[in-house]
Each structure stands twice: as structure tokens, then as C-alpha cells.
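Asker: Using the sequences and the hints, build the whole thing.
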Amino acid sequence: MSVPSHGTRRWPSRVYGEGDEPDARFSLANERTFLAWLRTAMALMAAGVGIETVNAATSSSRNPLVTWLALLLLAGGVLVSATSFTRWAATERALRTGRPLPAPRMGAVLGYGLAAVGVGIAVLLVIVGI
1 MSVPSHGTRR WPSRVYGEGD EPDARFSLAN ERTFLAWLRT AMALMAAGVG IETVNAATSS
61 SRNPLVTWLA LLLLAGGVLV SATSFTRWAA TERALRTGRP LPAPRMGAVL GYGLAAVGVG
121 IAVLLVIVGI
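Here the sequence shown is numbered in the UniProt record's numbering, starting from 1 and rising by one per residue.
To be clear, the hints were calculated from the coordinates, so they are not data collected in a lab.
The beta carbon of each residue, even a glycine, is placed where N, CA and C say it ideally should be.
Among the hints, a few may not be true.
[Stated by the list, open to error] What follows is a list of derived Cβ distance ranges for each label pair:
hint: 1; residue 1: F26; residue 2: G107; range: 54 to 62 Å
hint: 2; residue 1: W11; residue 2: G98; range: 21 to 29 Å
hint: 3; residue 1: E21; residue 2: T58; range: 18 to 26 Å
hint: 4; residue 1: T53; residue 2: V123; range: 14 to 22 Å
hint: 5; residue 1: A29; residue 2: L71; range: 31 to 39 Å
hint: 6; residue 1: T83; residue 2: A115; range: 15 to 23 Å
hint: 7; residue 1: L79; residue 2: F26; range: 25 to 33 Å
hint: 8; residue 1: P100; residue 2: L65; range: 25 to 33 Å
hint: 9; residue 1: L65; residue 2: M106; range: 23 to 31 Å
Answerer: This is how it looks when you write it as C-alpha cells:
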């Protein structure tokens, strides 16, 4: 049974201001997915900081390739963090209005991006000898 939610003061109004209240299980699952994306973003940023910290501590001159790898991980974390809320809002709106769920995009970007980072690390380890 859906309950109309017009007139509520929840934020963001662009999400909660339309449609009917969905089954709480679906909204909570959407929120858990949002929080998982935020954990992924934090892990990417922590990896970038960790790699650059090791880069700075283990040699007198920083390896610029490692610095670029750290920046790539940081940028990936920022991208995932920035898009996770948009994804949550689009999914919540779809649940509230009975429209199909939006297609996942960040999973493919993150999967291929991390594969590229893994290849980059392997190249650095084998060729450059970090």
C-alpha cells in the first residue's frame, strides 16, 4: 500500500516532492547502496593518499608516475562520491513514481578504471622497479 507523501518537509524536495512513498525495504536498500558507494569512494581516496605517502617516504625524490597514480585514485574517489548522491536520488525518484530504475553507469566506469589502475601498478612494479 503506497502512502502519498506530498506536503512532507524531507530533503531533497526534488526527490520526496513527487510520487508516492515506496515500500520502505526498497528505499532502505537504495540507501545501503548509496552508503556502499561512499565507502568505495573513501577507499579509493585512502589508497591514493597511502600510495603517495609511501612514495614520499621511501625515496629522496618522488616518482612522478606514482604521484599520477595517486592522483588518479583520488580523482576516482571524488567522482564516485559526487555521482553516488545523484544515483541515489534518481533511483529513489524512480521508486516513488513507478518508473524503471536508471541504468547503472558507475559500476562499469569503476570496474574498467580499477583494471587500468591495476595494470598501471603492475607496469610500475615490473618495469620501473618501485
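Asker: All the hints need checking, so say for each whether the structure fits it.
Answerer: Verification of the supplied hints:
1. F26 - G107: 54 to 62 Å: The hint (54 to 62 Å, Cβ to Cβ) is violated, given that F26 and G107 are roughly 19 Å apart.
2. W11 - G98: 21 to 29 Å: Holds, at about 22 Å.
3. E21 - T58: 18 to 26 Å: violated, 54 Å
4. T53 - V123: 14 to 22 Å: holds, 21 Å
5. A29 - L71: 31 to 39 Å: This hint holds: roughly 34 Å between Cβ atoms.
6. T83 - A115: 15 to 23 Å: Cβ of T83 to Cβ of A115: about 19 Å, so the range 15 to 23 Å holds.
7. L79 - F26: 25 to 33 Å: Once the Cβ atoms are compared, 26 Å apart, the range 25 to 33 Å for F26 and L79 holds.
8. P100 - L65: 25 to 33 Å: violated, 43 Å
9. L65 - M106: 23 to 31 Å: holds, 26 Å
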